[in-house]
Each structure stands twice: as C-alpha cells, then as structure tokens.
Amino acid sequence: AQSVTQLDSQVPVFEEAPVELRCNYSSSVSVYLFWYVQYPNQGLQLLLKYLSGSTLVESINGFEAEFNKSQTSFHLRKPSVHISDTAEYFCAVSKGGATNKLIFGTGTLLAVQP
Amino acid sequence: DAGVIQSPRHEVTEMGQEVTLRCKPISGHDYLFWYRQTMMRGLELLIYFNNNVPIDDSGMPEDRFSAKMPNASFSTLKIQPSEPRDSAVYFCASSLNLDGYTFGSGTRLTVV
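Chain order of the listed sequences is A and B. Using the working numbering, read the first sequence as starting at 54 and increasing by one per residue. Using the working numbering, read the second sequence as starting at 1319 and increasing by one per residue.
These aren't lab readings, by the way, just hints derived from the structure by calculation. There may be inaccurate statements among the hints.
Within a straight-line C-alpha distance of at most 27 Å, the following computed BS3-like cross-link-like pairs (lysine-lysine) qualify [to be verified]: (1) A/Lys131 to A/Lys102; (2) A/Lys102 to A/Lys148; (3) B/Lys1342 to A/Lys148; (4) A/Lys154 to A/Lys102; (5) B/Lys1386 to A/Lys154; (6) B/Lys1386 to A/Lys148; (7) A/Lys102 to B/Lys1342; (8) B/Lys1386 to B/Lys1396; (9) B/Lys1342 to B/Lys1386; (10) A/Lys122 to A/Lys148; (11) A/Lys102 to A/Lys122; (12) B/Lys1342 to B/Lys1396; (13) A/Lys154 to A/Lys122; (14) B/Lys1396 to A/Lys154; (15) B/Lys1342 to A/Lys154.
Simulated restraints on C-beta separations [as the list claims (entries may be wrong)]: (16) A/Ser56 to B/Ser1405: 23 to 29 Å; (17) B/Met1357 to A/Glu69: 26 to 32 Å; (18) B/Asn1370 to A/Thr159: 26 to 32 Å; (19) A/Ser56 to B/Met1358: 15 to 21 Å; (20) B/Asp1375 to A/Ala70: 42 to 48 Å; (21) A/Asn94 to B/Ser1384: 26 to 32 Å; (22) B/Leu1414 to A/Ser107: 21 to 27 Å; (23) A/Gln95 to B/Asp1348: 23 to 29 Å; (24) A/Ala70 to B/Ser1391: 42 to 48 Å.
Keep in mind that this is a model prediction, so the values were computed, not measured. Just so it is clear, CB atoms sit at the ideal spot from N, CA and C, and this is done for glycine as well.
Turn these sequences into a full structure, and let the hints guide you.
So, in structure tokens, the structure goes:
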C-alpha cells in the first residue's frame, strides 16, 4: 500500500528566506506525486505534479520539487518566500491507472514571518 | 469553467438532523471524490466515483453516511442522523485522468 509522510507539521520561516518542505512516500510500484496548497478557509489547489520525464518540476509562483526515486522523496523548495506563501501544503501520491486515488500526507503549515 | 461547486458553504445543524451536502464536478471529469478534513485526522477520503459508479467507499465512517451520484454533473453526501463528531470541512473534488484533482471550496459542517 502507498503512504505519504510529511515529517514537519509546521515550518516557521522569515520572509525572503529559503524553505524546504519534506515529503517521503512508500510504494512498491511507480507513482505519481503532487503538491497541493491550501490557503486559509479555502479548498486545496494543485501546486505542481510529477508524472514522468524530468525529475525537477516547477510551479508558476517559484516553488519547485524534485522526484528522487532512490530516496523516495519529493521535497518542495522555494529560494525566497513571501508572506503570501503562508498556507498549508499537502504532499500526495497516486498509483495512477485505473484507481486514480490520491493518498494525502498530513500537511505542513508554512508560516512566513516578516 | 466555474470549477467544482459545493453547496452550502456553511451548515449548522442540530444533532440528530439529516444533512445533505452537494457537489457539481467539472464538466467532462470522470472521477468524483468526497473528502473530510479535521484537525485531528487531516484529509480523509470517504468515497469516490468513476463514471457515476461508486468504486471505493471504504472510507465512509458509518452507515449514517451515504453518497450518491445520479448523473455526471451532481453528487450528494448525506449524513443521517448527524452527530457532533461529524463536524468537519467536507470537500468534493473531481478529476480527469492523471492530472490531479480540482477541489471545491468545501462545506464547513457544524453539528451542535
């Protein structure tokens, strides 16, 4: 069975500092990986995804994540955060194919301080 | 496209009452998912449909919960009777193939 582990429940960081949100997964088969962001009182929004091809994927707002098969990780990074990046970030894994079911991690709250 | 539309946005009801949550997925999406989010348990998948057919309802907590998808553009999640521990934010999401899910804005349910 697949599972997703987000070790950090909360990551405080100062504005303009770099940040890394960690995500590890376990699966015996090839997977598809996603990061979702949830702003306060809103639904989840897709931030970026890895399906195949280049292991480094980027979002339009400066985040990037790298699929590392040997370490079974898909950490999310941003070189310089803004106050507006404050949100809950969820890592998710899917086997894809017929089931198409996403398994979500427990989430990491990114708290950007001025 | 208006995205995934959920109604109501907020629902406050008394214990024992029936609650119905509604979802309109994105047109053309063939998967629909119902999730529940609480501080204690995070995001839980309750049930999902493929082409209007329930595929996996193993996450439905009890017989008090039921979900239907009578057509490709509408789904309901019903709780009868409701209990205070059902208080949560309920999200509907739809998907086409492997492009990830599009979530609705959620229904915040409070059972008093």
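A quick look at each hint next to the structure:
Taking the CA atoms of lysine 131 of chain A and lysine 102 of chain A, the gap is about 15 Å. The hint holds against a cut of 27 Å. Only pairs whose Cα atoms come within 27 Å are accepted, and lysine 102 of chain A paired with lysine 148 of chain A is accepted, the gap being roughly 13 Å. Taken as a hint, the lysine 1342 of chain B and lysine 148 of chain A pair is honoured in the structure, with Cα atoms around 25 Å apart against an allowance of 27 Å. Distance hint between lysine 154 of chain A and lysine 102 of chain A is fulfilled; the C-alpha atoms sit about 15 Å from each other, no more than 27 Å.
For the given pair, lysine 1386 of chain B sits about 18 Å from lysine 154 of chain A by alpha-carbon distance, which is consistent with the 27 Å threshold. Of the pairs offered as hints, the one joining lysine 1386 of chain B and lysine 148 of chain A holds, with about 25 Å between alpha carbons and a cut-off of 27 Å not exceeded. The straight-line distance between the Cα atoms of lysine 102 of chain A and lysine 1342 of chain B is roughly 24 Å, inside the 27 Å bound, and the hint therefore holds. Distance check on the hinted pair: lysine 1386 of chain B and lysine 1396 of chain B sit about 8 Å apart at the alpha-carbon level, within 27 Å; holds.
For the given pair, lysine 1342 of chain B sits about 12 Å from lysine 1386 of chain B by alpha-carbon distance, which is consistent with the 27 Å threshold. Distance hint between lysine 122 of chain A and lysine 148 of chain A is fulfilled; the C-alpha atoms sit about 14 Å from each other, no more than 27 Å. Under the criterion of a C-alpha separation no larger than 27 Å, the hint pairing lysine 102 of chain A with lysine 122 of chain A is consistent with the structure, at around 15 Å. Pair hint lysine 1342 of chain B plus lysine 1396 of chain B holds up; C-alpha atoms about 15 Å apart against a cutoff of 27 Å.
Taking the CA atoms of lysine 154 of chain A and lysine 122 of chain A, the gap is near 20 Å; set against the 27 Å cutoff, the hint holds. For the proposed pair lysine 1396 of chain B and lysine 154 of chain A, the alpha carbon gap of about 22 Å is at most 27 Å, so the pair holds. Between lysine 1342 of chain B and lysine 154 of chain A the CA atoms are separated by roughly 19 Å; this keeps the pair inside 27 Å, and the hint holds. Distance hint for serine 56 of chain A and serine 1405 of chain B: a CB-CB separation of about 27 Å, consistent with the stated range 23 to 29 Å.
About 30 Å separates the C-beta atoms of methionine 1357 of chain B and glutamate 69 of chain A, a value consistent with the hinted range of 26 to 32 Å. At roughly 31 Å, the beta-carbon separation of asparagine 1370 of chain B and threonine 159 of chain A lies within the given 26 to 32 Å, and the hint holds. At about 18 Å, the CB distance of serine 56 of chain A to methionine 1358 of chain B agrees with the hint of 15 to 21 Å. Between aspartate 1375 of chain B and alanine 70 of chain A, the C-beta spacing of about 44 Å keeps the proposed range 42 to 48 Å intact.
For the hinted restraint 26 to 32 Å between asparagine 94 of chain A and serine 1384 of chain B, the CB-CB distance of approximately 27 Å keeps it satisfied. With their beta carbons about 23 Å apart, leucine 1414 of chain B and serine 107 of chain A fall inside the hinted range of 21 to 27 Å. A beta carbon spacing of about 25 Å between glutamine 95 of chain A and aspartate 1348 of chain B agrees with the range 23 to 29 Å that was offered as a hint. Checked against the given bound of 42 to 48 Å, the beta carbons of alanine 70 of chain A and serine 1391 of chain B, roughly 45 Å apart, stay inside it.
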